[in-house]
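Participant: Spelled out, the chains give:
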Amino acid sequence: MAEAGTSPGILGGTTSRRAGAWSPRARIRYLETGFLLPAVLYLLLFFGYPVVKNVLTGFQRYTTKTFYTGQAPWTGVANYSAVLGSSVFGRVLLNTLLFTAGSLAGQFLLGLALAVFFRRRFPLSGLLRSLLLLPWLIPLIASSAVWRWILDEDNGALNRALAGLHLSAAHPGWLTSPSLALVAVVGVNIWIGIPFNTTILYGGLQEIPEELYEAAALDGATGWRAFRHVTWPLLRPVVTVVLVLGSVYTLKVLDIILGLTHGGPANATQTLATQAYNLSFQQFDFGQGAALGNLLLLLSLLFAILYLRASRRAASE
Amino acid sequence: MTISATPISATTARRPAVRRGWRYTALGIVLLAVLLFPLYWMLNVSLQPSGSAVGTPWIPLHPSFGGYARALSQQGGHLLISLVIALGSVLLSLAVAAPAAYALAQFRFRWASAVLFGILISQMVPGIVVANALYSAYNDLRLLNSVIGLILADSGLGIPFAILVMRAFMGRLPASVVEAAQVDGAGPIRAFCSVVLPMSRNALITAGLFTFLFAWGDFLFALTLTTTDAVRPVTLGIYQYIGSYVNDWSTVMATAVLASIPAVLLLVIAQRYVAAGISGGAVK
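First to last, the protein sequences are chains A and B.
Per my numbering, the very first residue in the first sequence carries number 648; after that it's consecutive.
Per my numbering, the very first residue in the second sequence carries number 39; after that it's consecutive.
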């Protein structure tokens, strides 16, 4: 902390401006600001700067050459028209939406079912609930690796089980056929997201007072009707938060897709995130990569606004 | 609504339902067995004697640790790098996030809500956008292929989350405790170090745990901010294994098991912090 000299601006005009005459109050204000300063600086450097830089790069011709010459000429909207006009863009956008919507629907429904299941108290439920977290905790790339071997066309556990049960002898190429790959990738992502959904929804269920169910039971509402008239309305704020957070996380998923299919076959699983990675770090066209990244950011921001509105409502309830 | 780990209504006694309770336990075990099958498979394949391209036996009847030996010799260094990066991120993240969380929870700032807004928004920024910009900045600063560079980038995953988790906790610290310290003549720094930090131990553990897991599991920054073999976390090691045609799955799976051990250990040791952290970071 620098001593004196500078005027304590935060307190406005109320403090005396004589050098060295800090009121104890102003001193404490400065110290308090110091608590927050490192974090604010960090956020500015590692989130603020990248966003600004990315927005600018989106309008520049920024390639490997830039690293030698330092030149990144402005190109207007050339990157955007190249990205939007490319033959894969429609496919990539559709994949992103399908991947996000499919993952969310699956994670949420299965997560909710498990949360409701675990709401009942039974022996070992706590232990089982914490074991359930494992898929969410281990590195995503480790999960991708094992799923790749499970989904392998010829020797994968899934196809062997299907053939063994005489359900499908055809050995479908889960990760190699363009029509199945997106389904497979969504399936794996659902598996990864279930623990998160279950945990948050379970927490929300715990907040619902038991008396409400007892009162509902007196009115004859049990089972499904209790769920519809008691559980669901009271769980709604938590549901919104789960869905919006889930969509923001899912939009930017990269590990799983790169690990399972690398965006293939024939771009069948290419999303905005993986394509942005390809453009920047495979084709070294950082300008186009930034342009696509900005579109992804815009989409995330849309959901962020939804999230903030939802969480404010959740907090006020 | 967050860090209260165990629900209070646990004692609602329902004795007649005890027998039915065990039936739910059985169903729960079946559900969990299905959900955790991939993890079993990871372990099973890792213990197979050969990496076999043909059908893996369903049970490792003749377990072999060859996969682990090969994994350790090929990826041991990468595991170590991951450990250094993850521990470094924990230290940096807590050092930056703990004071900030305290400030946001206890001091009255006019722009506190703006900072909080920034933290929430930062969690929405896709990693690829950050990586894209960091790559050229790191290139200029000579931070590519460096442990420091990855610690700095990975802390970006942990700091916003840690602030949210710890703020939720510190907001509930009784104001009287801090006031008592101030009556004794302690300034904000003394009060923070000698009163708030010790009392927030659980929140620090929770935040540290998740920062560790985020940094340990980071793939994107490892992939984009390293270009040589010099500094290579184990996630990237696994990716390189499966990037080409795999002919030795037992080594790949052994590496995946080794890379998953921290998650399992932390879950076993700090079970209640893990559940608290997941809900704490999301629903403030």
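In case anyone wonders, no lab produced these hints; they're calculated from the structure.
Since the structure is predicted, the reported quantities are computational estimates derived from the model, not experimental observations.
Be a bit skeptical, because a hint or two may be false.
Unchecked claim - With beta-carbon atoms standing in for the labels, derived distance ranges:
| # | chain 1 | residue 1 | chain 2 | residue 2 | range |
| --- | --- | --- | --- | --- | --- |
| 1 | A | L945 | B | A64 | 32 to 38 Å |
| 2 | B | E217 | A | G870 | 49 to 55 Å |
| 3 | B | Q112 | A | A913 | 17 to 23 Å |
| 4 | A | A862 | B | V302 | 38 to 44 Å |
To be verified - Which residues of chain B face chain A? A few of them, derived with a C-beta cut under 10 Å, are:
| # | residue |
| --- | --- |
| 5 | W60 |
| 6 | L99 |
| 7 | F103 |
| 8 | G104 |
| 9 | G114 |
| 10 | A191 |
What the hints assert, rightly or not - What the simulated footprint calls covered on chain A by chain B, stretch by stretch (three residues with Cβ under 8 Å from a Cβ of chain B suffice, anywhere in the stretch; the number is not a length):
| # | segment |
| --- | --- |
| 11 | 894-901 |
| 12 | 940-947 |
For every residue, glycine included, the Cβ atom is placed at its ideal position computed from N, Cα and C.
Participant: If you test the structure against every hint from before, which numbers come out violated?
Facilitator: Checked against the structure, the hints that fail are numbers 1, 3, 6, 7, 8, 9, while the rest are satisfied.
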